[in-house]
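Guided by the hints, dock chain P onto chain L, whose structure is given.
There are 2 protein chains.
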Amino acid sequence: MNEFDIIARYFAPLSGKGAFGLTDDAAVIPPRPGFDLVVTTDAIMEGVDFFAFDPPGTVAKKALAVNLSDLAAKGAGPKYYLLNLFLPPSVAAPWLEAFAGGLAEAQGRYGITLLGGDTSATDGPLAVSITAFGFVPQGRMIRRSGAKAGDAVFVTGEIGMSGGGLAIFRREKHALSEADRNALTARYRVPEPPVDFGTLLCGRASASVDVSDGLIADLGHLAKASGVRIELDGERLPVPDCLKAWWGKDAILRAATAGDDYQIAFTADPGTQADIMAGAASAGVRATRIGTVMTGEGVRLLVDGAEVSVPRPGYRHF
Amino acid sequence: MNEFDIIARYFAPLSGKGAFGLTDDAAVIPPRPGFDLVVTTDAIMEGVDFFAFDPPGTVAKKALAVNLSDLAAKGAGPKYYLLNLFLPPSVAAPWLEAFAGGLAEAQGRYGITLLGGDTSATDGPLAVSITAFGFVPQGRMIRRSGAKAGDAVFVTGEIGMSGGGLAIFRREKHALSEADRNALTARYRVPEPPVDFGTLLCGRASASVDVSDGLIADLGHLAKASGVRIELDGERLPVPDCLKAWWGKDAILRAATAGDDYQIAFTADPGTQADIMAGAASAGVRATRIGTVMTGEGVRLLVDGAEVSVPRPGYRHF
Chain L
74 MNEFDIIARY
84 FAPLSGKGAF
94 GLTDDAAVIP
104 PRPGFDLVVT
114 TDAIMEGVDF
124 FAFDPPGTVA
134 KKALAVNLSD
144 LAAKGAGPKY
154 YLLNLFLPPS
164 VAAPWLEAFA
174 GGLAEAQGRY
184 GITLLGGDTS
194 ATDGPLAVSI
204 TAFGFVPQGR
214 MIRRSGAKAG
224 DAVFVTGEIG
234 MSGGGLAIFR
244 REKHALSEAD
254 RNALTARYRV
264 PEPPVDFGTL
274 LCGRASASVD
284 VSDGLIADLG
294 HLAKASGVRI
304 ELDGERLPVP
314 DCLKAWWGKD
324 AILRAATAGD
334 DYQIAFTADP
344 GTQADIMAGA
354 ASAGVRATRI
364 GTVMTGEGVR
374 LLVDGAEVSV
384 PRPGYRHF
Chain P
74 MNEFDIIARY
84 FAPLSGKGAF
94 GLTDDAAVIP
104 PRPGFDLVVT
114 TDAIMEGVDF
124 FAFDPPGTVA
134 KKALAVNLSD
144 LAAKGAGPKY
154 YLLNLFLPPS
164 VAAPWLEAFA
174 GGLAEAQGRY
184 GITLLGGDTS
194 ATDGPLAVSI
204 TAFGFVPQGR
214 MIRRSGAKAG
224 DAVFVTGEIG
234 MSGGGLAIFR
244 REKHALSEAD
254 RNALTARYRV
264 PEPPVDFGTL
274 LCGRASASVD
284 VSDGLIADLG
294 HLAKASGVRI
304 ELDGERLPVP
314 DCLKAWWGKD
324 AILRAATAGD
334 DYQIAFTADP
344 GTQADIMAGA
354 ASAGVRATRI
364 GTVMTGEGVR
374 LLVDGAEVSV
384 PRPGYRHF
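Order-wise, the sequence lines are chains L and P.
Counting from 74, one number per residue, gives the positions in the first sequence under the working numbering.
Counting from 74, one number per residue, gives the positions in the second sequence under the working numbering.
Just to be clear, a hint being listed does not mean it is correct.
Just so you know, same-sequence chains aren't split out, so a pair can sit in one copy or run between any two.
Stated by the list, open to error - Straight-line Cα separation of at most 25 Å, SDA-like style, residue types lysine to any residue; simulated pairs:
1. Lys297 with Arg385
2. Lys297 with Arg82
3. Lys90 with Gly300
4. Lys90 with Arg105
5. Lys90 with Gly219
6. Lys297 with Ile80
7. Lys90 with Phe108
8. Lys90 with Ala171
9. Lys90 with Gly150
10. Lys322 with Asp306
11. Lys297 with Asp78
12. Lys297 with Thr96
13. Lys90 with Pro210
14. Lys297 with Pro384
15. Lys297 with Leu95
16. Lys317 with Phe242
17. Lys297 with Glu380
If you're looking for bench data, these hints aren't it; they were derived computationally from the structure.
Bear in mind the structure is a predicted one, so any value in this text is a computation, not a measurement.
Okay, chain L solo, but in the shape it has when bound:
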């Protein structure tokens, strides 16, 4: 199969409005009056972000999810994506078919379509780079920089699950039930960003960031951009019970620095808490208040009222 056959067979069926069936040099995004276009891009790579033995469909879903997570954290509703593939010679038709199947499933779930892309042969590792596009009411993108002293700090979903999944794949010893083991590895393979909840945060959250490198590292970016300090109440962090049983006294710190969660950490006026919880419930998303914004700088993790030392706040690519 050459490049044109691959595009026509596997990817053209995923294309939507503005993509011209992937048969032109470029795609078109018409202006949406009153809305800004929000753009983000993130790549995942075999051996770093997924394993060579992962099912191609989960690789596709993860590549999309890590980008939709950024859009959600900014309050944007997703709409389009571009796909840049770097394919080693070992990749053949069955892999591509399953990969495209994963994209199709995610497209249906999130209401997005393929706008275009590029396919390159490589003698390096397989890599999938996605650029995702969403819309937000004009001037309303939620920045990292709006947190104020006195705001409450929240996080969606649970944290540490993906880190637990990775630890299982790395053969760390555990006594997890099969159900817990499957839940953790499934989350590592396919993150579940709170896409519908993101748009509800517009006008409610004062600042927001997606949790990708690690909760403490990403809240550190938010604190720096906002010029504030954040205190996290360790006991309140939504760490799954199975991780607490497995990792014991290290569970909170490990979960808060593991990364790959693809949840949203955000700040808001404490007076809006009831409203936010109602919005989360309506979107089927768990939201937990985990801390407070203060004057100062950095992120402090408190457990039983004492500060916990954080030697490594999150994942670093290099």
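Relative to the frame of chain L, chain P by itself:
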């Protein structure tokens, strides 16, 4: 240097409006009333599209040029770009500094700014993926599909130069002057797409494509999308004299199938030819009438009135 240091030191200074200094999760493109956003993405890879010994600045310029070429062919004026980098461990500060310098030069020349991106470490070859954004009056993007029988076929600039440059790097024997040799290798390293001319084609060209795989291959895409046949007058092709002297009777076919030209091939009503030539002159671009659109399908290359067999119309990635 970690990922954040690299971004802050080399890439944040290249960022413009909507990029928030590359310190947020996403970037913003405000709507431009009356204009469509045109999006294209293309990657270049060491060992395929450039050599490991190429200066980092020319790698940066080539990565941008291959994308700006697509925008120009669609009639769009460039505005923003995203940068996805895959860096092997051998890449250190001096490489990044020179690479960013090349981007800065191209930004100044084309009036574009960096909107965001992503940096990954790889144990594979160095790869640079760019996504470029431009604006075109709403509904006016020039498609591949508008050519009609009777239209004239044009191409900008010269073709085969980049192919000649590649042949020199591959140590094909030649007796070129130093000036010709340098011109050819420089063009292989840094394509010169007719960016300013692209916007003049809106409303003038009936169909358009960028010449990246090879003139005959890319006009083949245009002919297929338009449902027409194209006849090229081989003697009219703008092949540099030095290539004619070097490649002899093969020069026309080689130049028309070599690829990497990053010129624009387009069709237009022959009545607009004077207007198009005036527009090209005002943009400092050479435009040459090279053929005619007919009913039928495919591309025929005629030399001295006889059809030339084209075993391989252009480059294929795999």
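Item checked: Structure-inconsistent hints, enumerated in ascending order -> As far as the earlier hints go, not one is violated by this structure.
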